[in-house]
Amino acid sequence: MTHSKVYPDAAVPRRAQPSKARQDGLLAYLLMSPALLYLLVVMAVPFLWALYTSFTDKTIGAPAHFIGLQNYLSLLTDPGFWQAVRNTLLFTAGAVIAKVIFGMAMALVLNQNIRFRNFFRVLLFLPWTIPSIVSVFTWQWLYSDVGGVLSDLLMRLHLIESPLPWLASPSLAMFSVILVNVWRGVPFVGIAVLAGLQSISHDQHEAAMIDGAGMLARFRHITLPGVREVTLLTAVITTIWTLNDFEIIWLLTRGGPANATQVLSTLSYTEGFLNLHIGKAIAIAVVTLPALIWLINYVTRRSLSDSNPAH
1 MTHSKVYPDA
11 AVPRRAQPSK
21 ARQDGLLAYL
31 LMSPALLYLL
41 VVMAVPFLWA
51 LYTSFTDKTI
61 GAPAHFIGLQ
71 NYLSLLTDPG
81 FWQAVRNTLL
91 FTAGAVIAKV
101 IFGMAMALVL
111 NQNIRFRNFF
121 RVLLFLPWTI
131 PSIVSVFTWQ
141 WLYSDVGGVL
151 SDLLMRLHLI
161 ESPLPWLASP
171 SLAMFSVILV
181 NVWRGVPFVG
191 IAVLAGLQSI
201 SHDQHEAAMI
211 DGAGMLARFR
221 HITLPGVREV
231 TLLTAVITTI
241 WTLNDFEIIW
251 LLTRGGPANA
261 TQVLSTLSYT
271 EGFLNLHIGK
281 AIAIAVVTLP
291 ALIWLINYVT
301 RRSLSDSNPA
311 H
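Counted the way the numbering used here counts, the sequence shown spans residues 1 to 311.
By construction, these hints were calculated from the structure, which means they are not laboratory data.
So the derived label-pair ranges between C-beta atoms look like this: (1) Leu37 with Asn297: 19 to 27 angstroms; (2) Arg117 with Ala35: 40 to 48 angstroms; (3) Asn275 with Ser19: 56 to 64 angstroms; (4) Arg115 with Leu274: 49 to 57 angstroms; (5) Asp152 with Leu289: 38 to 46 angstroms; (6) Leu48 with Pro127: 31 to 39 angstroms; (7) Asp152 with Phe116: 27 to 35 angstroms; (8) Leu90 with Trp294: 16 to 24 angstroms; (9) Arg115 with Pro46: 49 to 57 angstroms; (10) Ile114 with Met155: 28 to 36 angstroms; (11) Leu289 with Met32: 20 to 28 angstroms.
Glycine included, C-beta positions come from ideal geometry on N, C-alpha and C.
Could you put together the complete structure from these sequences and hints?
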């Protein structure tokens, strides 16, 4: 009489009983496959094609020939490219610093118990909701040296004697486009900082006031630490948007006058769609990728660390 050998569950061969982790992994890949396929078709393939094109002499209406790093090397010796780099840094730094300062100031004011507070909060958010083209054309009219409101107002205040060439002067054009970008971007910073201020307990301020802390001391030791993280993340996000800003500068000045407002985004457009040098235009865009990738990675890591404080 033969007896069949019975194996306990722990002794069953691994092939006969797939692990739970493996099953969960296969299910996860199955659920993510639509998103992965979308990213592959919509992002990865176009990006790889663009990256390859940047190593060619592709022009509109002509076949592409592989030329290696020639586009990138030509940028390194192009004074116009380096001027666009300087303009991009100036435009981004000036706009971001101003947006953070004015956004925080507006948030602090609107966090106080003032009359019509909700109405003013709506006004704060309004510039961000207006379409860019409408905002730009409105500012173009304000800047006009023929019937422009800004010059007329300054002349009525006896601050200037004649209309200022806001968009026609190389010394004023950069300031003018930064002002428009700040006007559109302050609401985003203000709303984000205001949300951070709402999370600060009033008991901390009351306790500090009882201890004799003044307004500046409370701002330094309570308010700033309470909104530091949200302000930092907001500043990084608005830096990414400002680096990629194209509409405001192109519609107001087209990079002029005398390339005074030519930034990398407008220079890439000029090379690709006006000069028809697609390969060089993409090379200009690729140059900005390392900074953008670093900023996006920073925002992602900070957001994940905030959502998982235990880690």
